[in-house]
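Just need the whole structure built from these sequences, with the hints factored in.
From first to last, the protein sequence lines stand for chains C and L. Once you know that position 96 of the first sequence is 96 in full-length UniProt numbering, the rest is easy, because the numbers rise by one and skip nothing. Once you know that position 210 of the second sequence is 210 in full-length UniProt numbering, the rest is easy, because the numbers rise by one and skip nothing.
Rather than coming from a laboratory, the hints here were simulated on the basis of the structure. Treat the hints with care, since some could be wrong.
The list cannot tell twin chains apart, which means a pair is met if one copy fits it or any two copies do.
[Stated by the list, open to error] Calculated pairs, DSS-like style, for lysine-lysine (alpha carbon to alpha carbon, straight line, at most 27 Å):
1. 299 <-> 129
2. 162 <-> 129
3. 162 <-> 299
4. 162 <-> 434
5. 306 <-> 162
2 protein chains.
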Amino acid sequence: MSNNPPTRTGILVSRLQDIVGHEAVLTAKCDLAVYECDGYTIEKNQAEVVVFPSTTDQIVRIVKICNELQVPFLARGAGTSLAGGCVPVGGGVMIGLSRMKKILEVDYPNRFALVEPGVVNVWLSNQIKGNGFHYAPDPSSQGACTIGGNVATNSGGPHTLKYGVTVNHVIGVELVLPNGEIVTTGGAVEDMPGYDLSGVIVGSEGTFGVVSKAWVRLTRNPEAYRTLLGVFETVDAATNTISEIIGAGIIPAALELLDQLILGAVEQAFHFGFPLDAGAVLIMEVDGLNAGLDQEASKIEAIAHKNGAREVRRAATEAERLLLWKCRKQAFGAVGRLAPSYCTQDGVVPRTKLPEMLRFISGIATKYQLKIANVFHAGDGNLHPILLFDERDKDQLQRVLHASHEILDKCIELGGSVTGEHGIGVEKLDFMTKLFSADDLNMMIRLRDAFNPTNICSPNKMLPTAGACSESGMVSQTKPNRRAAL
Amino acid sequence: MSNNPPTRTGILVSRLQDIVGHEAVLTAKCDLAVYECDGYTIEKNQAEVVVFPSTTDQIVRIVKICNELQVPFLARGAGTSLAGGCVPVGGGVMIGLSRMKKILEVDYPNRFALVEPGVVNVWLSNQIKGNGFHYAPDPSSQGACTIGGNVATNSGGPHTLKYGVTVNHVIGVELVLPNGEIVTTGGAVEDMPGYDLSGVIVGSEGTFGVVSKAWVRLTRNPEAYRTLLGVFETVDAATNTISEIIGAGIIPAALELLDQLILGAVEQAFHFGFPLDAGAVLIMEVDGLNAGLDQEASKIEAIAHKNGAREVRRAATEAERLLLWKCRKQAFGAVGRLAPSYCTQDGVVPRTKLPEMLRFISGIATKYQLKIANVFHAGDGNLHPILLFDERDKDQLQRVLHASHEILDKCIELGGSVTGEHGIGVEKLDFMTKLFSADDLNMMIRLRDAFNPTNICSPNKMLPTAGACSESGMVSQTKPNRRAAL
Chain C
1 MSNNPPTRTG ILVSRLQDIV GHEAVLTAKC DLAVYECDGY TIEKNQAEVV
51 VFPSTTDQIV RIVKICNELQ VPFLARGAGT SLAGGCVPVG GGVMIGLSRM
101 KKILEVDYPN RFALVEPGVV NVWLSNQIKG NGFHYAPDPS SQGACTIGGN
151 VATNSGGPHT LKYGVTVNHV IGVELVLPNG EIVTTGGAVE DMPGYDLSGV
201 IVGSEGTFGV VSKAWVRLTR NPEAYRTLLG VFETVDAATN TISEIIGAGI
251 IPAALELLDQ LILGAVEQAF HFGFPLDAGA VLIMEVDGLN AGLDQEASKI
301 EAIAHKNGAR EVRRAATEAE RLLLWKCRKQ AFGAVGRLAP SYCTQDGVVP
351 RTKLPEMLRF ISGIATKYQL KIANVFHAGD GNLHPILLFD ERDKDQLQRV
401 LHASHEILDK CIELGGSVTG EHGIGVEKLD FMTKLFSADD LNMMIRLRDA
451 FNPTNICSPN KMLPTAGACS ESGMVSQTKP NRRAAL
Chain L
1 MSNNPPTRTG ILVSRLQDIV GHEAVLTAKC DLAVYECDGY TIEKNQAEVV
51 VFPSTTDQIV RIVKICNELQ VPFLARGAGT SLAGGCVPVG GGVMIGLSRM
101 KKILEVDYPN RFALVEPGVV NVWLSNQIKG NGFHYAPDPS SQGACTIGGN
151 VATNSGGPHT LKYGVTVNHV IGVELVLPNG EIVTTGGAVE DMPGYDLSGV
201 IVGSEGTFGV VSKAWVRLTR NPEAYRTLLG VFETVDAATN TISEIIGAGI
251 IPAALELLDQ LILGAVEQAF HFGFPLDAGA VLIMEVDGLN AGLDQEASKI
301 EAIAHKNGAR EVRRAATEAE RLLLWKCRKQ AFGAVGRLAP SYCTQDGVVP
351 RTKLPEMLRF ISGIATKYQL KIANVFHAGD GNLHPILLFD ERDKDQLQRV
401 LHASHEILDK CIELGGSVTG EHGIGVEKLD FMTKLFSADD LNMMIRLRDA
451 FNPTNICSPN KMLPTAGACS ESGMVSQTKP NRRAAL
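Below, the structure is given as structure tokens:
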């Protein structure tokens, strides 16, 4: 017989096709290219196969075949993550979850929804808003990112300050373990006994298996908002205002800072009417029962004025409020107007260190002759300095690398960390050894091994491999990248 | 030489004394008896030794000796837990944490405190109240229980409904692992990367090691309260009110139900002026900025009246408010006036199932000719039916056992669980197989093994051992018990 024996890839593809059908398996190079990276475009690799299951049972069968054939696999939502978490660094099978996009149940009296992982974040809020509810975690990418992806990265958003991050809104998950077993954690009732598996699965960046369903909380829409725009001569005045608002016991729904450089770009794009000569603006929102809000907004205004605000405007209409939020959420898109390339960093410092950290970033910009724009979740101390450059200029690129590295090291020095919400992924692996002791990291590895003992599920993510801590030269995570909008 | 070789206990005691000094090691039977059980007095066992370290380093050295000599160990806070979580079922070394009671740091601008595990819950709130802050989780035992114990059991309290349970207020821990390694998870900055170890350590009931420090959030005191007492003819009217308040989008700070039987006991004890002919009362508290509260309180009053409330009173003074809370928090103590013995159960049902569940409990009382009092965290659907009896009457005891079992089974049937806040401990081990699949339980065991691979730390707690699911007869967890005040 002239037939060649089938290749391993051939066997793999054929068996995956048996499960999901031919049209739900991609193998052509041009198709695989679509799935070779996420928003962190520096790190790319193609999967051997991309497969699109429609049910939990299909995920189980796919995972079991991967185990049988010893092929690594990983899940992918919308690919809007920003640290390479869904890059198939070791090849293998990518499990695309975009066909699992059903909102399976909405229970208003008990305030939860049961969703498949491919449900886009904003779809859920859109479906329930007529009943006066929303899904609280609101990353700027919420029009594209999926709830499964939000679970993997424990996504935040501008309203994280008051409402918490994804882990505060997920009350249970169904997880297909890397060996194909299904575990169900938590669920509709919030007080299940046993270890809090849901809590540790959220934010595990896909290294514990494939989340195939999630029970999420519904949050009642506030009765009213007051959305204020504070205009400051200097970044210092704005950051001092932040500390004083929080110190006064006010927890705004959101507290976002945009500096002069980003304001210019946003104003060009959206024509909101931002003062282009201001050093920084703060978007400050309070929400709740209408009766208390004017008092709270007045307190914020007084604090802003005391700290030297030139002007504090209130959004007069809902349309004005929504435009203000559009300016904020699409700020990263507007950065394209400032430079051909940009590198966004994601650092955290204790809130009281914000003035010092912003001054440090300003000094770094001078030292390396770079423009650095700032737009960030100020209330959380979560910075997103955006380093502007032209990637065709190798000298600029080197300066950006060094500047990024110094900024992240400073975050650690001030008692913070190197990621507030984008995760470790592949980008920041090497920083883990700066943040954690060997014992801490070993504990995390043992925890991963409890779920993923053979490391067949999304290998080489989140935790450094032994000896990965390099003392020499630049580490890969500070390479610049073109980022999707945050 | 006539000297006998030293016994293992002799070696153990001597080596522990070398670490902490003679006065911090107890071995006499009469001393050990103090530590033989917690609030679940049915299950008792004496440790071989009780040792009181003063530092993390001493805990590490104690744990290493236990490993060397292969003696099991477990930690104990104040012993106010209610499910036998700190009973040394296998003997060995009990590590009492009452000497580690320092509040090490209070950072108001960044809103956290760093405490040792033996700090009593209310001490922290007392220390910070002058600055306008408190520590939010407020179990009724807060005058005695420790923050270390709260971390172990993920304690709640009346204000859990709005403010969340312990896991929502612990941002980091230092944990001595069962092998003596120290891991530090989270810390002062909330957004640390890596797996959420803090989240999974909270509520692990001491099976992951010994928590030696905790970073906890400080919560700003609300500007004002409105505390309402709603008086209802029937339990049904009260539970319908609860559902409608939550359904209206109001999240009270607390929402507690007391039925007629418990009201009688509480009134005898504290003379608040409760109407003794009412079927049930609700304590309903809203808090926040003063400006919005009257509106919110009025909405609650309207809902209560719509559901047939005979009367809704507002606490007129802070003294009246505090007396009302004293009545609630010490209700379990007052139960001693009703019967020589009582058995408190701790079940959870979805909030919308409360009316059905309360009717079921009433039916159970009739069926088994028992008096059952109810006082509970109504807003969370967390029930505490109190079965009254005389333990000297074996027939009554049997009826209490059967009634308890039926109540917990009904909670499961309605989509709830068998513990809202007391934990599994040793009391409810056998129910785990009713709540979780074999795969779910195996995942929990693998998780425990990641922290505690040899199971030397608090063995035979929280997770059933293989084959522990008994089909025959009554299971031990439904044995009645004299409980400390909740």
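Q. Which numbered hints turn out to be false for this structure?
A. 4
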